[in-house]
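*Asks:* Below are the chains, spelled out letter by letter.
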Amino acid sequence: MRIKRRIWPLFAIGLTLFTTAAATSAYVDQLHLNFSAAAIGSPEEFRLVVVDEGKVVRHDNAVLPIADSNLLFPGHTLSKQLIVANNHRVIAGDVEVSLDAIGVDGGFDLSGYLRFTVIDQDGTVLMGDKDHPENGESRWDAKASLGKLLGRAKPSLQDGADWVPGSASSYREITILIHLLNHAALQQQHSGLARVLLRLEATTVS
Amino acid sequence: MSIGVRGRNRARALLATGLLAAAFVAVTFGAYVDVYQVRIGTQVGGAYDIALMDDNGNIYQANPAPLGYNHAGTYVPQVGQWAEPVISIKVVTLSEVTGPIRLTITDNNPAPSNSDPIYYTLFTVSVDGVLVADHVDMHQVQMLEFNDWTPNQPKQFDIALSLQTYIADPQVLGRALFLALIFSGESQ
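Top to bottom, those sequences are chains S and G. Residue 149 is where the first sequence starts when you use my numbering, and the numbers rise one by one after that. Residue 189 is where the second sequence starts when you use my numbering, and the numbers rise one by one after that.
Bound conformation, chain S alone:
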């Protein structure tokens, strides 16, 4: 019992002091220790970029041209190669790639009939089927991990700049196959359109 009486008041005083210090203006003394001449953190933004036709692309509403985009009809496949790169000098990121499609006003909506395949630079199939692109992923399931991209070990690049490769582990060249199914519903159509969206999502990792 004696021990209990001694402990509780101490505990209460501790709380009071803490609250008072936080709530009142008083004399203040501070001591700063700077561990770095500059601010701690990263002045460079952690960002991914896409590289297309030798140029860095990182702006809103970017459109990457794809050959024969107006010649995609049932049973055929379009192909697009591009580079996904970590633009940060140091920080690494885990990258996820996903593809989506939406219809276009004025045309039969092809989005549900597209199938996507993504092939890594070493031939690894990240999603879909490179030999049978008709077995690729639909817009609802077209998501895959690209894995870890290290920092580029060089200064980051601006949108529109000429591509200067960083460290080999900081970027990957991928091939995207866009296949239009030879579906009975499409055989009744004379035309169709869709917009294809490539979404990259990266999370920093140590």
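In short, the hints are calculated from the structure, not lab data.
Which residues of chain G face chain S? A few of them, derived with a C-beta cut under 10 Å, are:
| no. | residue |
| --- | --- |
| 1 | VAL221 |
| 2 | ILE228 |
| 3 | THR230 |
| 4 | GLU284 |
No more than 25 Å apart at the CA atoms, straight line, and that leaves these computed lysine to aspartate or glutamate pairs for DMTMM-like:
| no. | chain 1 | residue 1 | chain 2 | residue 2 |
| --- | --- | --- | --- | --- |
| 5 | S | LYS278 | S | ASP289 |
| 6 | S | LYS228 | S | GLU321 |
| 7 | S | LYS203 | G | ASP222 |
| 8 | S | LYS296 | S | GLU349 |
| 9 | S | LYS302 | S | ASP200 |
| 10 | S | LYS302 | G | ASP222 |
| 11 | S | LYS228 | G | ASP222 |
| 12 | S | LYS291 | G | ASP222 |
| 13 | S | LYS203 | S | ASP216 |
| 14 | S | LYS296 | G | ASP222 |
| 15 | S | LYS228 | G | GLU284 |
Here the structure is a predicted model, which is why all the values come from computation and not from measurement. Note that beta-carbon positions come from the ideal geometry of N, C-alpha and C, so glycine has one too.
Given the structure of chain S, go ahead and fit chain G onto it with the hints provided.
*Replies:* Only chain G this time, still in chain S's reference frame:
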């Protein structure tokens, strides 16, 4: 009693440690996230479009409403009797995508009958002046496949009509001939 007090304090200490640990874990898992989206092509897709063209270059889709011709006063002879009337028509693919085109000939009589002359009609088909079928029936015409299309470059189809020399059904002669020519293509 004193043991119980120490036990509660230890519990508070453990709870405090747990809170600290949770705060530490939350900091450890904090990360930057970046999301970027681009479009692959302005849009993807395409069209396949075949149409009819007249001598002045006018385009007729003839789909879904057909293009009508009336050749009243034109007579179709039996083979060898006299010159066979010729239907000339230009077909064109308007899209960059092309593919084989087939010609289907069907009875277009609004009151069809087994005695319609179409079943006894022979067709001689030339494309751009090259004979591709010589006095064949409508089913054989359908077996033909017309290839090598270039966008916006029409091909001229000349289809000469004649009747078989022997027609057992006496009701055929003198009846009007109603034809539907259907050009259908498939993108390739």
